[in-house]
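Asks: If you want the building blocks of each chain, they are given just below.
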Amino acid sequence: MLDAKIPSGPLDDKWTEYKGHCKLVNPANKRKLEVIIVGTGLAGASAAAALGELGYKVKAFCFQDSPRRAHSIAAQGGINAAKNYQNDGDSVFRLFYDTIKGGDYRAREANVHRLAEVSTNIIDQCVAQGVPFAREYGGLLSNRSFGGTQVQRTFYAAGQTGQQLLIGAYQALERQIALGNVQMFARHEMLEIVKIDGKARGIIARNLVNGELERHFGHAVLLCTGGYGNVYYLSTNAMGSNTTATWKAHRKGAAFANPCFTQIHPTCIPVSGDHQSKLTLMSESLRNDGRIWVPKKKDDQRKAIDIPEEERDYYLERRYPAFGNLVPRDVASRAAKERCDEGYGVGTSKQAVYLDFADAIVRYGKIEAGKEGNSSKSMEEIIVLGKEVVKEKYGNLFDMYKKITGENPYEFPMRIYPAVHYTMGGLWVNYELQTTIPGLYALGEANFSDHGANRLGASALMQGLADGYFVIPYTLGNTLADEIYNKAIETSHPAFEEAEKEVADRINTLMNIKGTQTVESFHKRLGKIIWDKCGMARNKEGLLQAIQEIQALKKEFWSDVRIPGSINEMNPELDKANRVADFIELGELMCVDALNRNESCGGHFREEFQTEDGEALRDDANFMYVAAWESKSAHEWNLIKEPLVYDVVKPSQRSYK
Amino acid sequence: MEHYNMNLTVKVWRQKNSREKGGFQSYPVKDISSEMSFLEMIDVLNEQLIRDGEDPIAFDHDCREGICGMCSMYINGKPHGAWKANTTCQLHMRAFKDGETITVEPWRAGAFPVIKDLMVDRSAFDRIIQAGGYISVNTGNAVDGNSLPINKDKADASFAAAMCIGCGACVAACKNSSAMLFLSAKVSHLALLPQGEPERKSRVINMVAQMDKEGFGACTNTGACEATCPKEISISNIARLNQEYLVASLTSDK
Ligand SMILES: Cc1cc2nc3c(=O)[nH]c(=O)nc-3n(C[C@H](O)[C@H](O)[C@H](O)COP(=O)(O)OP(=O)(O)OC[C@H]3O[C@@H](n4cnc5c(N)ncnc54)[C@H](O)[C@@H]3O)c2cc1C
Ligand code: SF4
Ligand code: FES
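So the protein sequences, as listed, match chains A and B. Each residue of the first sequence is one higher than the one before, starting from 1 at the first, in my numbering. Each residue of the second sequence is one higher than the one before, starting from 1001 at the first, in my numbering.
What the hints contain is simulated information worked out from the structure, not anything from laboratory work. Honestly, I wouldn't trust all of these hints.
[Unchecked claim] Computed footprint of chain B on chain A; a stretch qualifies when at least three of its residues, placed anywhere within it, have a C-beta under 8 Å from a C-beta of chain B:
1) 132-138
2) 400-407
3) 450-457
4) 618-625
Backbone N, C-alpha and C fix where the C-beta goes; we use that ideal spot for every residue, glycine too.
Required output: the full structure, derived from the provided sequences and hints.
Replies: Listed below in structure tokens is the structure:
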């Protein structure tokens, strides 16, 4: 049985009650307690800074050359908070409710409510650190809206919100490093968890510069290692994003929850050819002003600007009049796939739809002309003014689009298509963010807890910082209070020795295969299997087939992969091989999970389970649970169910019509 | 856009590690599409090298969308290549013509030692930040975000400086290997905000001292840094830095 350790009492009071009663560690004892933090993106950097400030002895790890480069840096659109600065009806409850509903009623109420509660502290904290959020002329913070909501609660810094938030957390972290409270290990990759007497007590990490394996002890270990979207090969994730840390934890006993809940983002630059190494997101914020459409005629060869208004199908506005272009991501992605599958797609590949700013440019141009009090402006002059406004709002995204495609989005509509973006699944954690291994925690995208079957835009940054700055400082203390009598364990302990040997053996085996196929080629093949059969739409037959194919691929990988170079040096191919080996295993579990879940919900769309008009059909009677998988053997898992209990929200069919 | 394919020669710096000497090697690559990114072209070359039993070229990269600051190649004599306001990962092959030879080197600067091939160690930048590139507020102490209105122009100017991605191209472009553009961006980001006020003087003094300690060169105002910066960080930030430094050294009690 899984105990989520949700505090009793009314939903509104749970977190306050918890904080009021959790155990504390006194400052002198904190200095004796060592904490390992793997990953220094938003979740890890904020946790390392906050715990360092409290006085814990922190060791932090990342595989990039600096914590400032974590994948969090790429977030464009914004971060939500229930500040209600716009006086448009927002509240903690509404943010909580939107997130639960957006997640298609597969998230845990207590965690999500806490997230909404602390969201407002995050903005205050970031402002105090000097994060340069966008502001209005009056000097106050500016907001915009994001998909799946009807209020403006998203804070942003042009199209670089993730960068600015990460720089804020990075600065706080560097300050703690300078003070000696945090020791930073960049260019290090965690390759194993060390367990002693059932508790997580350390890690084995590989120094990526010289290839050496290192042992590190911690009274607790925090995994803040991000999501596993790169299992699909092509995704909007950074090239190095991986599942290795969470997967190694899983194989050592941590349950993995809802692995099949993955998010396909509707607005990305389409694939241009076989050489493609990654996909680029065009922020969801663009859907505030851009209108999505395809031609009404199949296989229409005309240029977008030559297609008259009445021959365009603004299919989101048509199908979902209440939310229009601002429906949640899963809904928007499926709708794009549906149109393209039916033959209405555009561009050379026909796997794209238009995102058009022409109307927004005219609308903004008229407003600007109005401000100048000049009603006699020509359409051309209005368009010039409107383009300026659009440039101010989305300039860097438009530039990025132009660099990649060579086309000017101010003149022609963008072509976009859905791409893998985020993973809602992750290590199972309880209310305290502790996994099923005592002493092992998971924060940020690495855990499963807050977004159910679909994440709303601008809420991952919020979750990462909530976990790191405001949740873990309390919940970790509650566990570590019992550890004050336990001295640090020497890394000569047999458990460390054994774990290191396991890692060394695995690396040796990989290097000695000396086969004929590159790591990259295996990754591409894995990605294709999962995208085709466990992507935007899934069915039983396809999933069964995918499992067979992945098992065969695994065999082939372990007998024919070619890794050049040697072990004791910088060897990026070896690093990649370690990651791809884990992705292959995770891919299988994703399909197992998708096969088990005989319903459609959020990003998990099983073709067998849909309403007459093609919407996801949930089965609350049988599937209102978190599927937590425990590793039994290479290809076998135990399913443990955490029932989801909705005390406050009444689950209903999600409607954005 | 018209697409085309090309055959190229890539002349690239190979260096096994920081101790051994490096040198150039030339490799032919075929059928490169103009739609590829520069790094995708390197991927193709690397796949070819691995199949031929050779060691692939090591290089830093992660986001591949111009924001993490990890990629760092000196391409045909320019950090990040010829496109303006651009990173290596965003450079696309339509910038090149069939038959060209492309020369690729790592960042060259004493403070950025080569780790392998095109990878360099930029941890000096982190240490400069550690010397004072932050605002000393502990978590949980903050007042309401809107209790401190900030003039939009100031906030925008601060943001423009905060856009620095810490890539180090400015250092690589500078004949003196100066890190002044990078440092001035951070100092300006914080000095332009009221939150940065309390530590304004000690910050600039300590960060400049650390920069000198790391072995970066002096600034002689050549402007090469601004011209190469992928985020178009303005050289006016260096003027602000000098001003801040002067005021701080004249009036600080430290
Ligand atoms: C293009 C893009 C745009 C986005 N835009 C938004 C947005 O506008 N709003 C929003 O809310 N969310 C957005 N998201 C989602 C959001 O950015 C991420 O979910 C979030 O930043 C993840 O943060 P994290 O701290 O959990 O992990 P990450 O930032 O991914 O950090 C992972 C860390 O773990 C380290 N690591 C990983 N594995 C290992 C290992 N084995 N050993 C050592 N270290 C390891 C890495 O070095 C890194 O430091 C976006 C995502 C993408 C891809
Ligand atoms: S100032 Fe520009 S070139 Fe220098 S590190 Fe920052 S972004 Fe790179
Ligand atoms: S790889 Fe991130 S900026 Fe180039």
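Asks: With reference to the structure, classify each hint as holding or not holding.
Replies: Now for the hints, and whether the structure bears them out:
1. A count of 7 residues in the segment 132-138 of chain A with a Cβ less than 8 Å from any Cβ of chain B is obtained; the coverage claim is therefore met, three being the minimum.
2. Taking a C-beta to C-beta cut-off of 8 Å, the segment 400-407 of chain A contributes 6 residues in contact with chain B, enough for the three needed, and the coverage statement holds.
3. Three residues within the 8 Å Cβ limit are the bar, and the segment 450-457 of chain A against chain B gives 0, so the coverage statement is violated.
4. For the segment 618-625 of chain A, the proposed coverage by chain B is not satisfied: 0 residues have a C-beta within less than 8 Å of a C-beta in that chain, short of the threshold of three.
Hints 3, 4 from the earlier list are contradicted by this structure; the remaining hints agree with it.
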